[in-house]
Amino acid sequence: MMNAFTPPLALALVDIGRIISLTLIAAGLLWLFIRAIKLKEVERRVIFLFIFISVAAPILFPTVFKEKATPVVKAVFDKIESLPPGSKVLLSYDFDPAMAPEVQPMADAFSRHCLVKGHKIIYMCLFATGQGQFTRTMENVIRPEFPEKIDGVDYVNIGYKAGNEGVLNVIISDFKKMFPTDVNAVPYDSIEVFKGIRSCKDLDLIISIGGGRPGIKEWVLFVGDPGDVPIATGVAAVVAPQLYPYYPKQLLGLLGGVKGAAEYESELVAHYSRFKDSPTPALLMMGPQTLAHIVIMAFIIIGNVLFIQGRRKEGKR
Amino acid sequence: MRYIFVIFSLVFLTFSAGLAQVDTLGADSTLLNIAPPAPISNLTVYDKANDHGHALILEWKPSPDDAAGKNTVMMYEIYRSESPDGPFENIGSVPSGNSRYDNIGILEKEARDYIPDNTDLYYRVDAVTINPEIRTSSEIFGPVRSYSNWFHRGRVPVLFAVLIFGGLMMYFVSVARKGAELYVRPLAGIAAVDDAIGRATEMGRPILYILGLGTADMISTIASFTILSRVAKQVAEYQTQLIVPCYDPIVMTVAQEVVKSSYLDAGHPDAYNDDMVFYITTNQFAYVAAVNGIMMRELPATNVYMGKFYAESLILAETGAVAGSIQIAGTDEVGQLPFFIVACDYTLIGEELYAASAYLGREPLMLGSLKAQDYAKAAVIILSILGIIAANFGWTAFTNIFKVLD
Amino acid sequence: MKRTTLILMALVVIFFALSWIFKAMAFKGVEEHYILQGFLVTLAAFLTLSIMSFLYKDNPFYKFAEHLFVGISAAFWMSMGFWSTIVGNLFPRLSEGMSNFFKVHYIPGDYNFFFYVPVILGILLLMRLSRNYGWISRWSLAFIVGTTAGLNFIRYLRSDFINQVSSTFVPLLVDWQGIGHFFSSLNLSASGQFIMMLANWVIFLGVMCGIIYFFFSKEHTGLFGRASRVGIWILMITFGASFGYTVMGRISLLVGRITFLFRDWLGLNI
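First to last, the sequence lines map onto chains P, Z and L. Whatever position you read off the first sequence (first residue = 1), add 665 for this note's numbering. Whatever position you read off the second sequence (first residue = 1), add 7 for this note's numbering. Whatever position you read off the third sequence (first residue = 1), add 217 for this note's numbering.
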């Protein structure tokens, strides 16, 4: 796995690749801009091609930008940081593979942070497919980086239960009723992590990671507000704007899309030197993001030039 | 020989026991010398408010020897009994420094933590030192009973909101039923629908009406039916062609009825046929593919999207724009509004969809609820202004009214 | 089918067959089931490329991938519904025999007569399949709609109405110590007085004007009309932000797919 903080081996090759791809994109955009002034339409497939190159080039020749956590992201980080070791944190995997590129890095980063702080984690999911996503965290984070952590003592996976907000409505008053065992059929009462936990109200922090329904909104409505439990979230970018109104009273912080994830990762690396060599997929993703955004902005300008030119021509007629 | 062995063993045992005794004395001599701590005072036990019973709360004034005085109190142990004479059972403990214990029972009768409701209970709190033998018990508090509450006082704000909003709603619906004129301002999007139908007639091209992906019980779909009825009526008058592809079979059945009665109202029942409103499939992207095909083949003059839309919104609206149709959209799905706004000529934003339907349909239920919502919005504006004034002057009493507890 | 189409399809098949072989060889010694693993990665790459090919033109590969996806997801959700709702939630509360049969953990003492109510309602819902008795399913639907409406009404009223209204109670003058102090300590830091006050003013005016825009009982003229214009501006800015976020989200998904193609499939690790 590539890492954001170790210089790539083939440095020279990477630099050449970067220069070539950037020149290619810049020259192409300039050509399209000139065509736009001359009022020649741009074929949609050309746009797709540009987006593809602008995303693919930084993946092949990784470029990493420095990120600084914004207050909404910092709030989540500081919360986990300030909890005393042994605090009970619930991570709910409310997403499917379709959302994973955006939110899996957040889920992994939260797991890393909680485990290194010595918090006890309860993993669950409101999406049936969230189970598979947890397996990824298990294989990529917990097993290789925290082999000393024991299932049932330091973390527990209670899995998926059907019922959407109905599940939340039950666990706000009684965990055991909905989750009599964990995924390995270990009874609730003999799980170390659940010592002293009867309901969600006994948790120190709940983090929902997702972007669909059921998801963070249901957590706020059915658990956070009625139970007065601190809730944080990491969400897919599409739904982030709809969740901002809940910050900071009903949501203590939120990570919106891959930018939020990248900020969190950079914060984690800055605070804990042991994560210097851990994968930072979100930070790596910011390279393609930035370039693609620049290209899209260029296309917005080109589109507007076309539009204005078209109007002017019509006016002349 | 046997006797010797027994005697030897006895001597050995006594000796070792004595040694052990000496040992513990040596180690624990400081612990044994602790003076008993002062007891806690002012123990009160009361029922936990706003709950389903089976829970009591204990509060006390800590022992003077807790972190001060002799500084010997390590923790407080809580004891409970059903009689003042005991036996008292230890039900839990809290570290020193605490002056409260929430005794929340489990609901199952068999469980050890079960607290019976409406039964006299007696409590005692012991101040315990590092040597658990040395402790001082408090006076016994009791009798106290736990009971369940019918009414959760922490949720009064919600009750008031329900009453006010429900009352407004019922009032305006009944007013509308009686036939009173309730004013709803005209909306730009609705006027655009009229223009678009005229344009379609001039061009001799059809009008495509999409009801969205919602089911027949969703408000946005219901609102869409009302707008469809209006569109169909005008289409019938102008003798233009109407295409209504449906995603949900029940929605299709309703839509057929709606269009049929509109044609009847317009005086052209003969112009209606069931093929205008047809079912495609209940699979999101398969539906989109089919509708996109219709758009590119039929090249409708106008596309109307009203109802519930999800990820398909942009795909539909973009294809419509490529086909060169005039597009009017309306949805209450906030996440999809940006796409409709960029790709359509007119967009009814959120509640405007309901308003448009109330404006066109004049149905008492829709009109009444729209009016009630307007009053609720006015209330929000007033409350927000008052709240901001309160926040500026630090009047927490006002903001506390809005605190909902659980 | 045209001959060129056939040749093209054959080429694609050969290409991915080769990919399978190469992938399997690469996995040999690393993975236990290297042939299967090679096939899975190749299949994933094939399906990804098939879907992406739609950007160029609609084609049979795209159609195949789409139909496969639709079919598999329908089957997945159906089996998931059975195993997690009926087997996972209902049987452990209803019958020990059934729980043992399906190897799920029986919850003793949780048996309750009321659990038969959802069973009956569920069966009624299935009556939808019958042409003559389909109307019976409306009883279950009414139950679902009624309970969720009731449950949501209270929750929404509380979280989205009362709590959101009280969230707008923000002081418009933050840390106010006179106008002289305001200008002398003016800075643009996020936690500075000026930015905090600006944020609160935006919240206040944004909420007011936004609500006024959605006020339907009064003609939008005069001051009211101007406030409503500001309201629509605020809405449009929100939509713009939302659009921007969506672009970011979609690019992330594309990055995810391309990373898969480059790294996991082609093994390009520079």
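Hint data in this document are derived by calculation from the structure and do not stem from the laboratory. A portion of the hints provided could be inaccurate.
Stated by the list, open to error - Listing some non-contacts, in silico: residues in chain P with all C-beta distances to chain L over 12 Å:
| # | residue |
| --- | --- |
| 1 | A691 |
| 2 | F730 |
| 3 | E810 |
| 4 | K882 |
| 5 | Y911 |
| 6 | H936 |
What the hints assert, rightly or not - Straight-line alpha carbon distances no greater than 30 Å define the calculated BS3-like cross-link-like pairs of lysine-lysine that follow:
| # | chain 1 | residue 1 | chain 2 | residue 2 |
| --- | --- | --- | --- | --- |
| 7 | P | K782 | P | K914 |
| 8 | Z | K68 | Z | K410 |
| 9 | P | K841 | Z | K116 |
| 10 | P | K860 | P | K841 |
| 11 | P | K826 | L | K320 |
| 12 | P | K826 | Z | K68 |
| 13 | P | K744 | P | K941 |
| 14 | P | K860 | Z | K185 |
| 15 | L | K320 | Z | K185 |
| 16 | Z | K116 | L | K435 |
| 17 | P | K744 | P | K705 |
| 18 | P | K841 | Z | K55 |
| 19 | P | K941 | P | K826 |
| 20 | Z | K267 | P | K866 |
| 21 | P | K860 | Z | K384 |
| 22 | L | K320 | P | K841 |
| 23 | P | K866 | P | K826 |
| 24 | Z | K410 | P | K866 |
| 25 | P | K739 | P | K703 |
| 26 | P | K842 | L | K320 |
| 27 | Z | K185 | Z | K410 |
| 28 | Z | K185 | P | K914 |
| 29 | P | K860 | L | K320 |
| 30 | P | K739 | P | K941 |
| 31 | P | K914 | Z | K410 |
| 32 | Z | K116 | P | K842 |
| 33 | P | K866 | Z | K116 |
| 34 | L | K219 | Z | K384 |
| 35 | P | K860 | Z | K55 |
| 36 | P | K866 | Z | K68 |
| 37 | P | K744 | P | K703 |
C-beta atoms are modelled at their ideal positions from N, C-alpha and C, and glycine is treated no differently.
Inset, instruction - Check each numbered hint against the structure and report the violated ones by number, ascending. - result: Hints 4, 5, 12, 14, 15, 16, 17, 19, 20, 21, 25, 27, 28, 34 and 37 contradicted; others consistent.
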